[in-house]
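Asks: Make the full structure from the sequences, and use the hints.
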Amino acid sequence: MTVTLPEGVEPRGRDALAARIAADIPEGWYVNLGIGLPTLIADHVPPGREVVLHSENGILGLGAAPPEDEIEPWLVNAGKQHVTLVPGGSYFHHADSFTMIRGGHLDLCVLGAYEVAVNGDIANWATFDNSRAPAVGGAMDLAAGARRLWVAMDHVTREGAAKLVQACSYPLTAPGAVSRVYTNLAVLDIEDGGFTVVEMVPGMSFALLQALADAPLRLAEQDAATA
Amino acid sequence: MIDKFAASIAEAIGPLPDGSTVLLGGFGAVGQADQLIEGLIETGARELTVVANNAGYGRIGLARLLELGHVRKLICSFPRIAGSTIFETLYSSGRLELELVPQGTLAERMRAAGAGIPAFYTATSVGTSLAEGKPVLEVDGKTYVREYALSGDLALVEAWAGDRWGNLTYKMAGRNFNPIVATAATRTVAQVHNVAELGELDPEAIVTPGIFVDSLIHLPQEEWA
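Order-wise, the sequence lines are chains A and B.
Sequential numbering from 1 applies to the first sequence in our numbering.
Sequential numbering from 1 applies to the second sequence in our numbering.
If you are wondering where the hints come from, they were derived from the structure by calculation, not from laboratory data.
Honestly, I wouldn't trust all of these hints.
Quick list of simulated restraints, FRET-style, between CB atoms [to be verified]:
{"id": "1", "chain 1": "A", "residue 1": "Asp-214", "chain 2": "B", "residue 2": "Pro-17", "range": "52 to 58 Å"}
{"id": "2", "chain 1": "A", "residue 1": "Pro-73", "chain 2": "B", "residue 2": "Ser-92", "range": "27 to 33 Å"}
{"id": "3", "chain 1": "A", "residue 1": "Leu-5", "chain 2": "B", "residue 2": "Gly-69", "range": "50 to 56 Å"}
{"id": "4", "chain 1": "A", "residue 1": "Asp-214", "chain 2": "B", "residue 2": "Gly-19", "range": "34 to 40 Å"}
{"id": "5", "chain 1": "A", "residue 1": "Asn-119", "chain 2": "B", "residue 2": "Asp-140", "range": "17 to 23 Å"}
We put the CB at the ideal spot given by N, CA and C, even for glycine.
Replies: Below you can see the structure in the form of structure tokens.
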């Protein structure tokens, strides 16, 4: 089953979603961006706004991808893609890198997820496919250690299943860690044990958004007044 | 005169008993001592436990060590990367034991071993399947899981420059796990791209002081196979 959205609903594409998240990151924050869509956020930080990007493998001040002829073999990000270092950037070893993560020094981490639950539980590292080896990387450290954890993901799976759920069915990455979810259809805060919709894409109705979640949603107060 | 430079990779690594634990620096291919891993294969040691962030790719270095059947157990945070087919084949056929450890816990377990700390508590993995069966401690209302130090018999390091005392510098993100594994093994061997005269490395830029290094081998990048 796939979800067919009514005419007039404009879901955010990958870059639009990344740009929407980037818009909410204030100057001065130290931020770790997970592999996949979150990595795209780096390309959308408004020019002139100084946001310092951290990479697990020992980099603060991650810069854009280099031109082909300026690739440095020793300079990659957590996804093993070639990157650059911005002026003011620094290198350090893995224990210092995870001191930053586990010691609560990062203002924000943005991760992708399979599921997010009403209580902020996140599942993003393993499925039930036992034919493949599990891999966790730094996801559990980031989810437990960053001061804030935001999730960037599609609102539903490719098959149309809800990813905003009452309780995660997949193995947890961390309990109660997520404070905000950005999907291709809406922005939701997790507060008081539930999802609060703070923004919907143009043309989206609360009723449809609710139908695409496996947990109760509520509208933020200013929106509820005009809904 | 202290001179930790070895004449050959075999001399640098020395004899290694079967069943040894080997710590590898590197993050993916970056900063991994592939030539020393070839030397590890040459020792003929088997039933090894290997600690590394990833499980190798293609058919070189760690992937080759796995393919040739030298490894019994892999302790790893992210074994599945592009090209890690050797690992995946061995794992799915049950010929390789895997202990999956969150990346920060992996680094900290080795850091603890190097610092003489036998165990520690961390919030990472609390409430997940990776914490199952592990003792927990509550501090100020928050739950932490106990993790144990992880030491090795041998650590293999890739560094940028080294001097005869074993002082090391690293290049960019090639540093990663290398300074950690250097502290956590009974014997630490480094392959360096550049040789510095004693006193030539800026003391304020040395990342791994020579006390952590037992042996070095000069392998300039242009001589890599």
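Asks: It remains to establish, for every hint, whether it holds in the given structure.
Replies: For each hint, the structure was consulted:
no.	hint	result
1	A:Asp-214 - B:Pro-17: 52 to 58 Å	holds, 54 Å
2	A:Pro-73 - B:Ser-92: 27 to 33 Å	holds, 31 Å
3	A:Leu-5 - B:Gly-69: 50 to 56 Å	holds, 53 Å
4	A:Asp-214 - B:Gly-19: 34 to 40 Å	violated, 49 Å
5	A:Asn-119 - B:Asp-140: 17 to 23 Å	holds, 21 Å
Against the hints set out earlier in the document, a violation occurs for number 4 only.
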